[in-house]
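Enquirer: Residue numbers for the sequence shown, in the numbering used here: 2 to 198.
Hints are supplied without guarantee of correctness; some may be wrong.
[Said to hold, decoys possible] Below, simulated SDA-like cross-link-like pairs (lysine to any residue); rule was C-alpha separation at most 25 Å, straight line:
id, residue 1, residue 2
1, K59, V109
2, K44, K181
3, K181, V109
4, K181, L114
Because the hints were derived from the structure by calculation, they are not lab data.
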Amino acid sequence: MAKRRKVGNLLALAVLSYLTQGPTHPYDLGRTLRAHGDDRSIKFTHGSLYMVFQQLEKAGFVAPVETGRAGLRPERTVYAMTDAGRRELRDWLRELVAEPEHEYPRFVTALSLIGALPPDEVAALLRTRLDRLTAHHASSRQEIDKALAGDVHPLFLVEEEYRLALLDTEIRFVRDLLGKIAEWHSAWSAAVSGGQS
């Protein structure tokens, strides 16, 4: 079972992870996250990043080590991870890797309610989704191959490989569902037309 964390936002986990490399300022870390493609895995804005640093400081996981101003720029505070932050990082990562957790993807919600649409419309929408999934798959494969050719260690591409495996699974699922819709067509059409007033 997932432990209740003082700071439960996954962006905080990314912050702690990057702080293992040394102290940094939130703005600089935001640029690093984007440069490393982490914005594909973790949703954030610069404002949310500053807020997470404040939450981590309040929890005792990071501490300011330097504050300065360059020219007319606003004052900048550089943060470092504390010993408590290191323990939290390791404990949290262990939990996320070992413990499966139920998630609520938007597509699953749509599938649970899909019977409200006519089968022909659903089939057309799924074909559109299939085209987009196939394009995402090709793009991800290309990014992985490019990174590997650039001597990026495969360890740093694990999340992309996982994303690719999910795309493979969803592509197979959508193709199978399209076949089932053809089988269910007449009963489904009758159910949808019977529910319309």
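Enquirer: Which of the listed hints are not met by the structure?
Expert: 1 and 2
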